[in-house]
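Student: Sequence:
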Amino acid sequence: MNNDASALLQALHVDLDLIKNAIAAEDHATTERIVGEHDQRVRDYLHAHGAHSAPQALQNLLEQQLSLTTRMRQLRDEAAQYLRAERQSTRAANAYLQAGTLA
Numbered sequence: 001m002n003n004d005a006s007a008l009l010q011a012l013h014v015d016l017d018l019i020k021n022a023i024a025a026e027d028h029a030t031t032e033r034i035v036g037e038h039d040q041r042v043r044d045y046l047h048a049h050g051a052h053s054a055p056q057a058l059q060n061l062l063e064q065q066l067s068l069t070t071r072m073r074q075l076r077d078e079a080a081q082y083l084r085a086e087r088q089s090t091r092a093a094n095a096y097l098q099a100g101t102l103a
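One point on numbering: in our numbering, the residue at position 8 of the sequence shown is 8, and numbering is uninterrupted.
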């Protein structure tokens, strides 16, 4: 693997760390920007060097991506659960208010 390919792979790993940090900081705009840039870098790497140029390095990158994707899914599910609970609470409060009005 040449220096250009190594540098690009390193940049891809850095991207994933930056995405992880942006997610932790709940900086959604930065997360979106970095994800787009990362996607383009992955495409550029594969176009320039091919998928078989550094199989172990690409496997490591994929594992890091999968770990990050798993964390993103967990956060999405937690947010969805919170929103469901919030809606249920709002419905209960409205029903309570309506019942009080009817009494």
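Read the hints as simulated data drawn from the structure, not as lab findings. Incorrect hints may appear among the rest.
[Claimed, not checked] Restricting the straight-line Cα-Cα distance to at most 20 Å, the calculated cross-link-like pairs of lysine to aspartate or glutamate (EDC-like) are:
{"no.": "1", "residue 1": "LYS20", "residue 2": "GLU78"}
{"no.": "2", "residue 1": "LYS20", "residue 2": "GLU86"}
{"no.": "3", "residue 1": "LYS20", "residue 2": "GLU37"}
{"no.": "4", "residue 1": "LYS20", "residue 2": "ASP39"}
{"no.": "5", "residue 1": "LYS20", "residue 2": "GLU63"}
{"no.": "6", "residue 1": "LYS20", "residue 2": "GLU32"}
[To be verified] Just the calculated beta-carbon pair ranges, DEER-fashion:
{"no.": "7", "residue 1": "LEU97", "residue 2": "THR70", "range": "37 to 47 Å"}
{"no.": "8", "residue 1": "GLU32", "residue 2": "ALA95", "range": "58 to 68 Å"}
{"no.": "9", "residue 1": "GLY36", "residue 2": "SER89", "range": "34 to 44 Å"}
{"no.": "10", "residue 1": "GLN56", "residue 2": "THR90", "range": "48 to 58 Å"}
{"no.": "11", "residue 1": "ASN3", "residue 2": "LEU75", "range": "30 to 40 Å"}
{"no.": "12", "residue 1": "ARG84", "residue 2": "ALA5", "range": "44 to 54 Å"}
{"no.": "13", "residue 1": "ALA92", "residue 2": "ARG41", "range": "42 to 52 Å"}
{"no.": "14", "residue 1": "ASN2", "residue 2": "GLN81", "range": "40 to 50 Å"}
{"no.": "15", "residue 1": "GLN10", "residue 2": "THR90", "range": "43 to 53 Å"}
{"no.": "16", "residue 1": "ARG87", "residue 2": "PRO55", "range": "39 to 49 Å"}
In this text, a Cβ means the ideal position worked out from N, Cα and C, and glycines have one as well.
Student: Look at each hint and say if it fits the structure.
Tutor: Now the hints, each set against the structure:
Taking the CA atoms of LYS20 and GLU78, the gap is near 17 Å; set against the 20 Å cutoff, the hint holds. As the CA atoms of LYS20 and GLU86 are separated by approximately 27 Å, the hinted pair breaks the 20 Å bound. Between the alpha carbons of LYS20 and GLU37 the distance comes to roughly 14 Å, so the proposed pair stays at or under 20 Å and holds. Our distance criterion of 20 Å between C-alpha atoms is met by LYS20 and ASP39, whose separation comes to about 15 Å.
For the suggested pair LYS20 and GLU63, the alpha carbons sit about 14 Å apart, so the restraint of at most 20 Å is met. The straight-line distance between the Cα atoms of LYS20 and GLU32 is roughly 11 Å, inside the 20 Å bound, and the hint therefore holds. A hinted range of 37 to 47 Å holds for the C-beta pair LEU97 and THR70, which are about 41 Å apart. Separated by about 38 Å at the C-beta atoms, GLU32 and ALA95 break the suggested range of 58 to 68 Å.
Between GLY36 and SER89 the C-beta distance comes to about 36 Å, which sits within the given range of 34 to 44 Å. Distance hint check: the CB atoms of GLN56 and THR90 are about 51 Å apart, consistent with the given range 48 to 58 Å. Look at ASN3 against LEU75: about 36 Å separates their beta carbons, and that is inside 30 to 40 Å. In this structure the supplied range 44 to 54 Å holds for ARG84 paired with ALA5, their Cβ-Cβ distance being about 46 Å.
For ALA92 paired with ARG41, a C-beta distance near 48 Å keeps the hint of 42 to 52 Å intact. Between ASN2 and GLN81 the CB atoms are about 47 Å apart, so this pair conforms to the stated range of 40 to 50 Å. Range check, GLN10 to THR90: about 48 Å between beta-carbon atoms, so the 43 to 53 Å window is met. With their beta carbons about 47 Å apart, ARG87 and PRO55 fall inside the hinted range of 39 to 49 Å.
Checked against the numbered hints above, the structure violates hints 2, 8; every other hint is satisfied.
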